[in-house]
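Enquirer: Spelled out, the chains give:
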Amino acid sequence: MKRLDTDVVIIGGGSTGLGVVRDAAMRGYRAVLVERVDLGQGTTGRFHGLLHSGGRYVVSDPGSATECAEENAILRRIQAGAVEDTGGFFVTLADDDPAYADKFLAGAAATGVPATEISVKEALRREPRLDPRIKRVIEVADGSVDGWQLVWGAARSAMAHGAQVLTYHRVTKIERDGERVAAVICRDEKGGEDVRIDCTFVLNCAGPWAGQISSMAGAREVAVVPGRGIMIAMNHRLVNTVINRCVYPTDGDILVPVHTVSIIGTTDIHETDPDHLPIPHAEVQQMLDAGEAMIPGFRKSRALHAWAGSRPLIKDSRVSVDDTRHMSRGMAVIDHSQTDGLAGMLTIGGGKLTTYRLMAEHIVDAMNRQLGEERPCTTADEEVPGSEDRRLYTVTHRLHDREADRLDDQIICECELMNRQMFVSLLNEQPDATLDDLRRQLRLGMGPCQGGFCAARAAGIACSEQAIDAERASGLLRLFLKHRWIGIWPILYGQQVRQTALDHWIFNGTLDVEHLPQPEEEIVR
Amino acid sequence: MSKRQDERAKELRERLNNELQRMSLDMCVKCTICETSCPVAPVTPLFSGPKFVGPQAERFRDGESVDHSVDYCSSCGTCSVVCPQGVHVAELNSLARAVMKAEQGVPVRDQLITQTVLMGKAMTPVAPIANAVLDNKLARIAMEKIVGVHRDAPMPTARTQSLHSWLKKRPARTKPATRGSVVYFHGCAGGYFEVDAAKKAIEVLEHIGYDVIVPEQGCCGLAEQSNGLFEKASASVRKLDEQLRSAGTDLPIVSTAGSCTGMLKHEAHEILGIHDPELLDVGTRIREISEFLMELYEADELPTDFRPINMRLPYHAPCQVKSQGMGTPAYDLLRLIPGLEVIDSNVTCCGIAGTYGLKKEKYEIAQAVGKPLFDMIKDTNEGLAACDTETCRWQIEKSSGVTTVHPIVLIHQAYGLGDGE
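Read top to bottom, the protein sequences are chains Y and P. For the first sequence, UniProt numbering begins at 1 and goes up steadily by one. For the second sequence, UniProt numbering begins at 1 and goes up steadily by one.
By construction, these hints were calculated from the structure, which means they are not laboratory data. Since the structure is predicted, the reported quantities are computational estimates derived from the model, not experimental observations.
DMTMM-like mimics (lysine to aspartate or glutamate), calculated; alpha carbons at most 25 Å apart, straight line: (1) P:K232 with P:D281; (2) P:K10 with Y:D401; (3) Y:K315 with Y:E271; (4) Y:K2 with Y:D198; (5) P:K378 with P:D152; (6) Y:K300 with P:D62; (7) Y:K300 with P:E14; (8) P:K10 with Y:E139; (9) P:K10 with Y:E117; (10) P:K3 with Y:D85; (11) Y:K482 with Y:D512; (12) Y:K121 with P:E231; (13) Y:K482 with Y:D436; (14) Y:K2 with Y:E189; (15) Y:K121 with P:E7; (16) Y:K121 with P:E64; (17) Y:K2 with Y:E429; (18) P:K232 with P:E103; (19) P:K169 with P:E216; (20) Y:K121 with P:D6; (21) P:K360 with Y:E403; (22) P:K10 with Y:D85; (23) P:K3 with Y:E122; (24) Y:K121 with Y:E139; (25) P:K175 with P:E206; (26) Y:K121 with P:D276; (27) Y:K135 with P:E14; (28) Y:K300 with P:E270; (29) Y:K121 with P:D62; (30) P:K232 with P:E64; (31) Y:K2 with Y:D177; (32) P:K398 with P:E341; (33) P:K10 with Y:E122; (34) P:K121 with P:E203; (35) Y:K121 with P:E14; (36) P:K10 with Y:D131; (37) Y:K121 with P:E11; (38) P:K10 with Y:E403; (39) P:K360 with Y:D405.
Looking at chain Y on its own, in the form it has when it is part of the complex:
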C-alpha cells in the first residue's frame, strides 16, 4: 500500500473541497484532496451556471443574500476567467404579483445587494425575446460561472501552494486512533492500488455524499438531504442577461446564459440516493413551460442537453424534510468532536457555489480553532493561476482566439471551437483522463452535435498522440457517447432529434461503434 503523510485530508473534489484545499494550503497546511472521480463531477458540475448577485435570497434568506453579494464581487476579482459579467434581471411576468418587486427592492437595500429598477422598455431593448407583457424589471449584478473552470482554477492555485489533488481516489475507510482521526484509506481507481494517507485532520466536503463519509469514520451519519434539481441547456443564448422571475423562489424561475448556451433551471425534489438522480418527463415539461413564460417561443427553440444535480442541504429541524427549497441555503459546519466525540474531523454542508470560498474560509477557521492555530485566510486577495489579468470571461473569447490561430491549427470540436492544441496539451497533462474528463475542462462535445463529429476525432487524436491504444480509444469513445446519451434522451424532441439521428448514422451506420475491437473489460473510468 502506498503511503502519504499530511496535515489535512480534504474529501470531495467539488467546489467546496477545492475551496478548502486551496484555503488550507494558502494558510500553510500540508493538504491532500481526494476525489472518487474527476473534479467537479458532482453537484458543482450540475447546476445552472448562475453566479448569484444575492437577489434571489433578498426576501427568503437575507443572510445568504449578503454573502452572495460579497462573494460575487470577490470571485470576479480572483477567478475572472471563470466568470462572465452577464448582469441579471428580476422580471415580474404578466401573471406575477407586481407588489413583490417592492419587497424585493426593500430586501435588496437591507441586505446590501445592488439592485435598480429599470423601465420595461429598456429591458425589452436589451433582451428583445422577453415576453413583452412583463410588468416590472429590476437589474442586479448576476453573472454566470463555469463550475469546472472554477474548481480547476482553485486546484491549480492549491497545487501552486503545495497541496496535492488526487482524482479517482475513492475513500474506502477512515481510520481512527482512539478519539482522533488518524488516516484516510483510498483506492486509486486508475493506478489500481490502495493509498493510505496519514493525517491529523479530515475535512469532509463530500456534499450530498457527506453522510456516507461521516459514517466511515464511525461518526453518526450526517443527515444530508439531496435536493434534486433538473436543468436544460438550450442550443444558443436566447438571452445574454440572466433572467430571474421576480417572485418568492420557486421552480423553473431562472434562465442563465452560460458560454454558448442558455440554461433553464430548476426543480427541487427530495431524493435519497445522490448517485441516481432521475430526469422525469414531467419536470422537463415544467421547465419548458417555465421558459415559455419568460421567453415566448422557448418551447420551439432547440434543447440540447438535460441533467440533474443534487443540492447538499444539511437537514434543518425548522423545515420539513420534503421542503428542500426552504431549508437554509446557508452553510453549516458540523464539528464531530462535539456531536460524536471524534476529534480532527469537520463536515460542511449547505451553501452554494457562489459562496464556496467563504464556506472554505469558515471550515478552515473551525479547524484552526480546534488545532489552536492562528492562521488568517488570504483566499480573497490572490487570483488563481490563469486569472491574474483579472479579465472576465466573455462568450466571444474562443471565436476571438480561433480567429487568430485558425490558419495554424485544426478545430476538433467545431461547436465549441476547441482546437487540436487545446486538446493535446490537456491530454499530455492528464494522460489517464477519459474524454468526459477532458470535456469538462474543454467543452468537447457540449455543443449542438453532442459529440457526433468531435468525439471520434478526439479519440483518434488521443491514439495518434500515442496517449492510448486503439482499443482504449474505442472504449473511451463508447463511454463518452453513453454519457452524452444520458442527457440527450430526456429532451429528445424537435431539432435535437434530427441531430441525434445523424449522429446515430455516423456512429452506428458508418463507424459501427458497437462492434469495434475493444478491451475485454468495458472501460468505465
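We have chain Y; now place chain P onto it with these hints.
Expert: Frame of chain Y, contents of chain P only:
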C-alpha cells in the same frame, strides 16, 4: 470607433440578436453540406467556410465583432440554397459582417464601388474618355493603389447613350399592345452600361404584345448591402419600391437585372430586415425576365416562332439567380431556340459576387472561384456565352475572353428583331 459608429453597431447587434435568422441556427446539424458547396472556402484558407462563420460562430457572438474573416464570405448565398435543414447561413453571415462594418467603418473604396447609379451618370456623358481611362494600365495601377480596386478586375464599359435617353428619342410604337402593361425594371447596369440588353428586353416584351412602362428608377441597394452598408441599402431599396410602384400597383414587374431581382424578392426582407408592405408587394410581383417568359410558355402563351441559331452556347446560372428558388428558367428558355445547343456550366459561382472580386485583397480568390467556369466557357464556346447578371458577365468576359450576353439577347435574335445597337 466613433460614437456614431458605436451606436449604429449597437442597433444592428440588437436587431441581429432578435432576427429570425439567429433562431435558424438551431436547425444546423453540422452536416457540412454548405461547406462542401461553398465556392470560396475550397480556394482560400482565409475564409473558414459558411458553417463556421454562420451557425457555428453565431453562438459565440454578443457584442463586439471578433471574427473579421467573415468578410471573406462573398455573399453568393449558395450555403442557404443547399442547406437541407433550413439554416439561413448566408443571411447570418451578412448580418455579422454588417455589425463588423458598422463597428469598423466602411472603407472609402467600398462606399465608392457601391454607387452604381452615380458611376453610370458620371461616365455616360464622357464614355470614350472613361473607357480609355479604365483600359489604361497606369490609371488602373493608380486606382488599385489609391482606391483598392484590383488593376485587373473587370470594369463596365461606359455607353454613349443611357437607356432613358434612348427611350426618349425612340419613335412612338406603331404596333398596338395586345396583352396589357408590364413594368420594366432594368437596374443600374441596364440603365447605363448594359443598355443593349435592356433595349432588347423592351423590344421582346413589346414584340409579344406588352405595353412596357419604364419608370425612372434608382439602385436596389444590393451592392451596399453586401458591403455592409445597411442604412444606405435600406434607403435605396425603399426608394426603388416607390419608383416601381408609381408605374402601377397591380402590374407584373419584369426584370433583366438578375441579382437585383433577388434583392427585391427576398434579400432586402431577409437580410436588411425590411418588412414594409411596399417591399412585399414589389417582391411578389417581380419576375426575372426568363422566369416571366417561361411562365407564359407553361401557360401556352409564349410565341415560339423562333428562328434557328445554330451554335453551341455555354450558359452560366449565377449564384444570386439560383438563390431565388426558381430553377434555371433562362436555360429552359434558351433551349426552345432551334439549333441552339445550350450547355449549363454547372459551376456554382463566377467569383465576382457583385463587388467582391473587384477588391484588390479578394481579386485572386474571385479568379480562383471562377476558374472552372472560365475554363468550361473557353472549352465549349463558339464565340458567345450567356449569363443573367451584369457583373458576372463582365467577370466572365474579362477572364475567359468570350463575349457574354444576357439570354434575352439571343431570344431577341431568335424572334428576328434585328440588332438593337
